[in-house]
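If you want the building blocks of each chain, they are given just below.
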Amino acid sequence: VRVRFWGTRGSFAMSGPEFLRYGGNTPAVEVQNRAGRRVLIDLGTGCTELGKELMAGEFAQGKGELPVLLTHTHLDHIQGLPFFTPFFIKGNQINILGHQPGNSPLTGVFETQLRPHYSPLFGLENLAAGVSINPIQPGSSLPVEGFEVSAILVPHGTMQTLAFRIQADGAVVVFLSDVEYPDADPPKEVLELARCADLLIHDSMFSDEEYDARKGWGHSCASMAVKVAERAGAATLALFHHNPDASDEMIDRMVGDAQEKTNLVVFGAAEGRALPVTAGALETTVPPV
Amino acid sequence: MELTFWGVRGSYPVPGPHTIRYGGQTSCVEVRNNKGTCLIIDAGTGLRALGQKLARERGDAPEWSYHFILSHVHWDHIQGLPFFEPAYVEGTQISIYAGAAAADELKGVIGGITRHEFFPMPLDAVPAEFTFHEVAPLMPFQIDGFEIVGVPLNHPFGAVGYRIDADGTSVAYVSDTAPFNDVLHKQHFLHGPEALTADDKKQLGRLRADLIKVLKDCHSVIYDTHFTTEEYARFPHYGHSTPDHALELCQEAGVKRLILYHHAPAHSDAQMDDIGRSYKVRGSAVGIDVVVAKERMSMAVGGRKGGKRATTDPGVGP
Numbered sequence: 016v017r018v019r020f021w022g023t024r025g026s027f028a029m030s031g032p033e034f035l036r037y038g039g040n041t042p043a044v045e046v047q048n049r050a051g052r053r054v055l056i057d058l059g060t061g062c063t064e065l066g067k068e069l070m071a072g073e074f075a076q077g078k079g080e081l082p083v084l085l086t087h088t089h090l091d092h093i094q095g096l097p098f099f100t101p102f103f104i105k106g107n108q109i110n111i112l113g114h115q116p117g118n119s120p121l122t123g124v125f126e127t128q129l130r131p132h133y134s135p136l137f138g139l140e141n142l143a144a145g146v147s148i149n150p151i152q153p154g155s156s157l158p159v160e161g162f163e164v165s166a167i168l169v170p171h172g173t174m175q176t177l178a179f180r181i182q183a184d185g186a187v188v189v190f191l192s193d194v195e196y197p198d199a200d201p202p203k204e205v206l207e208l209a210r211c212a213d214l215l216i217h218d219s220m221f222s223d224e225e226y227d228a229r230k231g232w233g234h235s236c237a238s239m240a241v242k243v244a245e246r247a248g249a250a251t252l253a254l255f256h257h258n259p260d261a262s263d264e265m266i267d268r269m270v271g272d273a274q275e276k277t278n279l280v281v282f283g284a285a286e287g288r289a290l291p292v293t294a295g296a297l298e299t300t301v302p303p304v
Numbered sequence: 212m213e214l215t216f217w218g219v220r221g222s223y224p225v226p227g228p229h230t231i232r233y234g235g236q237t238s239c240v241e242v243r244n245n246k247g248t249c250l251i252i253d254a255g256t257g258l259r260a261l262g263q264k265l266a267r268e269r270g271d272a273p274e275w276s277y278h279f280i281l282s283h284v285h286w287d288h289i290q291g292l293p294f295f296e297p298a299y300v301e302g303t304q305i306s307i308y309a310g311a312a313a314a315d316e317l318k319g320v321i322g323g324i325t326r327h328e329f330f331p332m333p334l335d336a337v338p339a340e341f342t343f344h345e346v347a348p349l350m351p352f353q354i355d356g357f358e359i360v361g362v363p364l365n366h367p368f369g370a371v372g373y374r375i376d377a378d379g380t381s382v383a384y385v386s387d388t389a390p391f392n393d394v395l396h397k398q399h400f401l402h403g404p405e406a407l408t409a410d411d412k413k414q415l416g417r418l419r420a421d422l423i424k425v426l427k428d429c430h431s432v433i434y435d436t437h438f439t440t441e442e443y444a445r446f447p448h449y450g451h452s453t454p455d456h457a458l459e460l461c462q463e464a465g466v467k468r469l470i471l472y473h474h475a476p477a478h479s480d481a482q483m484d485d486i487g488r489s490y491k492v493r494g495s496a497v498g499i500d501v502v503v504a505k506e507r508m509s510m511a512v513g514g515r516k517g518g519k520r521a522t523t524d525p526g527v528g529p
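From first to last, the protein sequence lines stand for chains A and B.
When we follow my numbering, the leftmost residue of the first sequence carries the number 16, and every step to the right adds one.
When we follow my numbering, the leftmost residue of the second sequence carries the number 212, and every step to the right adds one.
Derived from the structure by calculation, the hints contain no laboratory data.
Note that CB positions come from ideal geometry on N, CA and C, so glycine has one too.
Fair warning: there could be bad hints in the mix.
Some residues of chain B that are not near chain A, with every Cβ distance over 12 angstroms (derived) [said to hold, decoys possible]: (1) P226; (2) R259; (3) D287; (4) D378; (5) H402; (6) H448.
Okay, derived cross-link-like pairs now, DSS-like style, lysine-lysine, Cα gap no bigger than 27 angstroms in a straight line [unchecked claim]: (7) B:K246 x B:K318; (8) A:K230 x A:K203; (9) B:K397 x A:K105; (10) B:K397 x A:K230.
Now the in silico label distances, taken between C-beta atoms and shown as ranges [to be verified]: (11) A:A143 x B:H327: 40 to 50 angstroms; (12) A:A71 x B:T408: 48 to 58 angstroms; (13) B:H399 x A:R246: 27 to 37 angstroms; (14) A:F103 x B:A409: 24 to 34 angstroms; (15) B:D411 x A:S155: 33 to 43 angstroms.
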């Protein structure tokens, strides 16, 4: 499979020269299998750039289909939706799979996002594409053509987010962002989800020094990401959901510090980067950012 | 008065190499009078960095007040509020003025962006004390030494433009608005331009006349010039204008300086350079100084006695 990072920044989109290498767009990660089928994780501002690329293909003719795995609905993970061009072409089919917390319907969150006070779209019904929003059962396998996908719920501050294990072409990609474990040790089901991942993408919003003052915010530090990767036997670790205040140099330092503590390959997820991932290891060594 | 632009982009933030010089953050402008009092226009993503600056400026002061006037409450104009650092400090008072919505409705709308689905901390749990105020069209009001008047604009679900007078000079903020000839925006979604009734045309004429009256002899006008002429021809129903529309209005109102603002997300730095060059020329042909808003750019309005226009341009960049 090929993994492409379209948005790697957590919480808030950041523009400016100090964010150019790792990127300033909020979360959106695309996984594509060898047959060319795609699945998108999250709809942060990064998805707008993917939208432009998709419009060079069948999505421009209204013949595109895209499954979207949604970790949760905090704004930085959905704010790209109203600007994702394939939504505005009749005939495209976009299936959003996400967690429905409690009794409030998942669709209602998007209805609120697009209500007339907030958006000139005046509501979901004005997206020309076919959009289905489906709450999923954590623990079960998900209906995503071309991929085997399973999901579990993980703690994220006062709420829970979905974490995904995505398999195709014999390779395993695991996405664990917006997560903070209650104990010093990651829970068993998390290690099970990430077991022998060829690529683990993990929340690392904080450096270890920053984390002490930010416990309970719902995000992990770099050494927790390393711990999960090592215990789960992952081959490669991508640090993800960069702090909006972290410049490229600060992320370089965080990645360097994390790399010193482990034999795994560790890198910082960088916007625009496409990574071929195969069973056993990354197909290519990870180039420096 | 002095203006500082913290977000100049329309619709959504666009980080990346193509927006380094003009900036990628959405609508937010800081206005200061000569006494240093601060007024914030719109709370788009540019507000986060302004909030960090204001928090430093405040230091350990136990109490502080911040005043916002909002053009409208589309996401790109309010998204920065949950990331406004001073809101998380005890002793902070935040007053928010907006039009076209009753104060309690406004509270619901602003509170709505921090419902738990969207953001980890709800409005009621934030240490700052918020007050909400409804702006009535064409009714002057005062905030801390600023004389302000709101004027309705032509935008989906409504928006309000503002003229602000202080220190014997004036600045106006006209964003977001469509021009006043092709489309009348109401309270429903437009799939495309709709045929105008006689009443619609009358209403557009009234909106335009009121805006010109409010802008009369204003020194500097920040105007929604989201589209190029070609783009506008394709999307006249999106609720935004072009620099030509802005120049026409400013000329009629006798405005000295036009500041192009609310740049389309797709416009690269190179394209903004071209737009700036081209409208500089067209502006000077009709006696208007045209400037393109850039993130972090500061600019004196009205100038000091005998002084030239003082602009700190954040630069030519890489």
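### Query
Of the hints given before, which are not true for this structure?
The structure breaks hints 1, 2, 3, 5, 6, 7, 10, 11, 12, 13 and 15; every other hint is satisfied.
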